[in-house]
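What follows is each chain in one-letter form.
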Amino acid sequence: MSFVEYGDTIKDGDTAIVFLGHESMFPVKVQHGTVTQTKYGVIRHSTDLIGKKYGSKVTCSKGGWVFILHPTPELWTMNLPHRTQILYSTDISIITMMLELKPGSIVCESGTGSGSLSHALIRTVAPTGHLYTVEFHQQRAEKAREEFREHGVEHLVTVTNQDVCKNGFGVSNIADAVFLDIPSPWEAIGHAKSALKAEGGRICSFSPCIEQVQRTCLAMEEYGFTEINTLEILLRVYNVRTISLQIPDLGKAAEDNSSTGFDSSNPSLPGSPCANLQQGTVQFKSGVPLREVVGHTGYLTFATKS
Amino acid sequence: AMEGGLSARIREGDCAVLKRDEVFKAVSVLRRRKIIFEKQWFYLDNAIGHIYGTTFEVTSGGNLQPKQEVEETTTETKEAGTDNRNIVDDGKSQKLTHDDIKALKDKGIKGQEIVQQLIENSTTFRDKTEFAQDKYIKKKKKKYEAVITIVKPSTRILSTMYYAREPGKINHLRYDTLAQMLTLGNIHAGNKMIVMETCAGLVLGAVMERMGGYGSIIQMYPGGGPVRAATSCFGFPKPFFDNLHEFPLSKVQSLLSGTFTTETLPADPEENALVEEESNGLTEEKQTSLQETEEEPTTEAAMEINPTEEQDTIDINAEDVEFKENKEKENKENVREKQIKQWERRKKLLEAAALLREKNADGLIIASKFHPTPLLLSLLEFVAPSRPFVVYCQYKEPLLECYTKLRERGGVINLKLSETWLRNYQVLPDRSHPKLTMSGGGGYLLSGITVILDKGKSDSSNSEALKVEEPSSKRCRLQDLPC
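Protein sequences appear in the order of chains Z and B.
Just so you know, we're using full-length UniProt numbering here: the first sequence kicks off at 1 and counts up by one.
Just so you know, we're using full-length UniProt numbering here: the second sequence kicks off at 1 and counts up by one.
The shape of chain Z in the complex, shown without the other chains (with noise of 0.2 Å):
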């Protein structure tokens, strides 16, 4: 297995997803004579996940079972290990999209934070491009190499350690695309116009708040980027529900049993509606929306260097 080349059989060495159930799920290193623990009991490397399949159903020592699914910068994003804020799959698919990356792209990046962004853009641009991303925090920057390695990644990506608004990118002409997620944008765009190709490429700079939008645009300008455009993406999620609503007893199935509105064959209505309309349902699915939702995660503003 790697982040970027699906494989069959789960390996020793490879970092894979447990699923225990909805929404609930945490990411493993396969390694032989380790033991997992979970709610449902115990997962032995060496007989439950190493040769199986993966997609495969595992029994724990409960008697509980989970799946072991093959890792994707998608499942990646939400299990990581959080060292920073990240960014999560909603924002990463617009950006990916409208960085216009593909096999083959050279990106930028900065900071590398959790490496969130990172697993997509590598994933999107193997086999035969390349990230460049920067971070200043030392520690940080070592796990995501880390990390990179244990994914099978690493023949794609550059770790570097050093501040993108004094340093750049630590590469010139190079880039078809410049990624920044920092609190002060506006003082790297003059490094992200250096980093992209001479006759041009894509930015894409994320910010919380409007005032950082504000700046980062008058940098853009200055610099001369073209097509700037501010955008914010809000994902809903819904529950498939199966609702029953109550039919409000007006007093009228004596006097007159067709004018309920709803048809008796109906079958959430049976019988003879007069009695059944009293304490009758009507039964519909829905997609309910969650109780709570991210409103704001932080506005993108994209570019154009030409």
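Hints were generated in silico from the structure; no laboratory data involved.
Each hint can be trusted.
27 Å max Cα-Cα, derived BS3-like pairs, lysine-lysine: (1) Z/Lys285 / B/Lys416; (2) B/Lys107 / B/Lys142; (3) B/Lys25 / B/Lys105; (4) B/Lys34 / B/Lys143; (5) Z/Lys53 / B/Lys416; (6) Z/Lys193 / B/Lys152; (7) Z/Lys53 / B/Lys359; (8) Z/Lys197 / B/Lys67; (9) B/Lys92 / B/Lys142; (10) B/Lys405 / Z/Lys57; (11) B/Lys405 / Z/Lys53; (12) Z/Lys11 / B/Lys359; (13) B/Lys396 / Z/Lys285; (14) B/Lys107 / B/Lys138; (15) B/Lys405 / Z/Lys285; (16) B/Lys152 / Z/Lys197; (17) B/Lys416 / Z/Lys57; (18) Z/Lys52 / B/Lys359.
Label-pair restraints from in silico Cβ distances: (19) Z/Ser172 / B/Ser93: 49 to 59 Å; (20) Z/Tyr88 / B/Ser432: 21 to 31 Å; (21) Z/Val237 / B/Arg11: 39 to 49 Å.
On the chain Z side, residues computed to face chain B include the following (Cβ under 10 Å): (22) Asp8; (23) Arg202; (24) Leu234; (25) Thr304; (26) Lys305.
By construction, the Cβ of each residue, glycine as well, lies at the ideal position given by its N, Cα and C atoms.
Given chain Z, work out where chain B should sit, using these hints.
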């Protein structure tokens, strides 16, 4: 910079996209060919050799000329009002008449100068606030400055273009929704993907772009053949098509039950159907989308077509004199050609069938006008375990049913029904706010991951894991409404 420089230049025969402000149009770059775009006509001849992203001015006679960067003539001290309390709309603030403006245009005076004249002849301009002046200039520039930019096609540009110009052709799939599909489906180089779409080939093109020619794609198609009008706008290099396969939906059942043969393939009528469908999807101006049931405002000229495909269409359909004269002679050749074509089609079909039979695809993408449930239930059979699938539907309700049916079938986890909202912003000093309008709907997605279907056990014997996934406690609460 040098190596990339070559491909970054506009070449004859390229598929390119014209851009004016936020409006796009896909065209083929051909010499001596008149293009009509945003009420202007011109030839692309002079654009050849320039770098993609160059902005051109349209000169009289329809020639394109790279736009010179002009320093804004705003050195003079600006005069502006503070509010609009004394500005009266009497319709007489502009001293130039329609005829005056037309005369200026006919003289071939540059748009920039016309805008300057309009400002000078506006009696209220000086009293307007600085912001209002800015807005006035922008509006006039948009109208009178004939500039177009030529850009390289990409999923970003083509999906934005289609959503704005031909939403009915792509089932109202908004570009941010398409972006989600590509990510949720973990589309990348080396995948073996199954794609079932009726989005003019836009989704296929997006998948092809992300796979960069590595791996394989099996496109499932309804009717006589796959529609790839939008795919051809991408201008993919030839090798990208080497591992693009197609398989008719109508043969899926026989493939699954093991009765599939190529003998039963009616080649001829299907080939005709293919041509008809494609030309319908491609023809400029008379685009009345047949499949549309809802009323769409008829859009003007939209996508240009791939010249080679258009040529094919004409070759088969044209009934000019010359054609009739040579008919007999060509008939024999036609028959032989047809046989070769048929044989090639059969070979490709067998290849596609063999790929599907392996039942090890790395993902499934569905975005069609059909009900998603039967498509998903059948096509998932061809997907390996632990692989993502994504289904798009313009409406939420069919996906609710699909969700339920998938749960009954089993073999899938992490099911998620979602939608994205997209909000654009105006960012200007002291004038930042969300844009006035946003898209009302860009469709819904149902996504999930396949797992090994365990055939021995029934649902009732499932342990806690599934119960955790099913939000049953909440469901009870909703059903047990207080009396």
